[in-house]
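Undergrad: Taken in order, these protein sequences are the chains called A and B.
The numbers in this note's numbering rise by one with no breaks, and the one at position 70 of the first sequence is 70.
The numbers in this note's numbering rise by one with no breaks, and the one at position 218 of the second sequence is 218.
Honestly, the hints are just simulated from the structure, not real lab data.
Fair warning: there could be bad hints in the mix.
Mimicking DSS-like on lysine-lysine, the simulated pairs with C-alpha atoms at most 25 angstroms apart in a straight line are [as the list claims (entries may be wrong)]:
| no. | chain 1 | residue 1 | chain 2 | residue 2 |
| --- | --- | --- | --- | --- |
| 1 | B | Lys-68 | A | Lys-75 |
| 2 | B | Lys-68 | A | Lys-77 |
| 3 | A | Lys-77 | B | Lys-127 |
| 4 | B | Lys-68 | B | Lys-99 |
| 5 | B | Lys-99 | A | Lys-77 |
| 6 | B | Lys-99 | B | Lys-127 |
| 7 | B | Lys-99 | A | Lys-75 |
Remember, it's a predicted structure, so these values are computed and weren't measured experimentally.
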Amino acid sequence: MSEETKSMRCAEFQAQLPELIGSGASAAEHPHVKECNLCRELLESLEAIAEAARQLFPEVEPPENLWENIELAIKNKK
Amino acid sequence: MGQSRVPVKGPSREAFEAEPAEVSAGQPAPRISAPARESIAAILSPELLERAQAGDHGAFAEIYFLHKRRIYSLCLRMLGNPAEAEDMTQEAFLQLHRKIATFRGESAFSTWLHRLAINVVLMRLRKKGLLLISLDEAMEPTTEERPGRSFGEDDLSLAGAIDRLALQRAINDLPAGYRLIFVLHDIEGYEHNEIADMLECSIGNSKSQLHKARLKLRDALRVHPRGEGQR
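Chain A on its own, in the form it takes in the complex:
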C-alpha cells in the first residue's frame, strides 16, 4: 500500500465513491476502506440499503377497473 493511499483522507475517498461504486468495481476492496472503519461502515450501509430496496417492492395488481378505463379511452379515440 503506497503512502499516498494511506494518507488518502475520507473526504477524498467519499468524493470518488459514486464513480467507484458506479464503475462496478468492488469498493470494499479499496485500500482506504480496508484501513478506515468509518468509510467501511458508510459503504456497508449504502450496500445494505440497495440490497434491502431490491427486495422491498413486490409486484402488485393495478385497480380492477383500469382495463375498463383503457378500453373506454381506446374506444373514444377511435
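Given chain A, put chain B in place with the hints provided.
TA: For chain B alone, kept in the frame of chain A given last:
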C-alpha cells in the same frame, strides 16, 4: 416490527410477504440486469403479438393482462403514488395501443414496453418540472450533500437492521429525480449508461445522483450515533 426488518449484513431474508425472493441462504439477492429481465418477463407468443399488431382487440387485452402487474408496479415504484401510477399505467397502455404496430422485435417485447412505460413517466415528471429540478440539483451539490459530510460531524450509521417500512417511506420521500435513478438502478436493474440515455444526462450525473439518493436514504434511516471523529 420484527417481521418488517431485514439484516443489514449477511444472508438476505427470503420471507418478504407477498412474493418471497428466491435467494439462497447466505447469498445476496441477485441483481437482475435489464437484459436478464427479458428471460424472466412474461413471454409473449409471436402469434399473439401479430394479432395485436393487426388490431385484434382481444389480443391487445391479453397483452394487457400479461403485463399489467409489471407496468403498474414499475409506475408505482417510480412515482410513489398509486393514483398517479394508475394514470401512467393507463397512458402507457394507450401509447402501446397506438405504437404496437411499430414494434419490430429489435429487443424483447417486455423490454420495449418497459422502456415505453418509463418514458411515459419521465414525460409526466418533465411536464411537472420535477425531473429538471432534481437533475439540476444533482449537478451542484448543496452543503448538506457534499461528499465529505459523512464523517467528522455527527457520524451516525445504520443500526443492525433496516426497517423495511421506514425504507419504503424514505424512498417515497426522496425528491423525484433521486427516486427515479434509485428505482431504475437499484430496483429495476438498469445500468448508468441506460439511465443517462433515458434521462438525457451524463453517466457521471447518474452515478452521482444515485449516490446522493443512497446517502439521503441512509440519513433517513440511521439511528445510532457512533461518535467517531474525522480521520
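Undergrad: Against each hint, give a clear statement of whether it holds in the structure.
TA: So, going through the hints one by one against the coordinates:
1. Distance restraint check for Lys-68(B) and Lys-75(A): the Cα-Cα separation of roughly 19 angstroms lies within the 25 angstroms cut-off, and the hinted pair is therefore satisfied.
2. Using a Cα cut-off of 25 angstroms, the hinted pair Lys-68(B) and Lys-77(A) holds, with the two alpha carbons roughly 21 angstroms apart.
3. The hinted pair formed by Lys-77(A) and Lys-127(B) meets the criterion: a straight-line CA distance of about 23 angstroms does not exceed 25 angstroms.
4. Only pairs whose Cα atoms come within 25 angstroms are accepted, and Lys-68(B) paired with Lys-99(B) is accepted, the gap being roughly 17 angstroms.
5. Distance check on the hinted pair: Lys-99(B) and Lys-77(A) sit about 14 angstroms apart at the alpha-carbon level, within 25 angstroms; holds.
6. For the hint linking Lys-99(B) to Lys-127(B), the alpha-carbon distance of about 21 angstroms falls within 25 angstroms, and the restraint holds.
7. The hinted pair formed by Lys-99(B) and Lys-75(A) meets the criterion: a straight-line CA distance of about 16 angstroms does not exceed 25 angstroms.
The structure agrees with every numbered hint stated previously.
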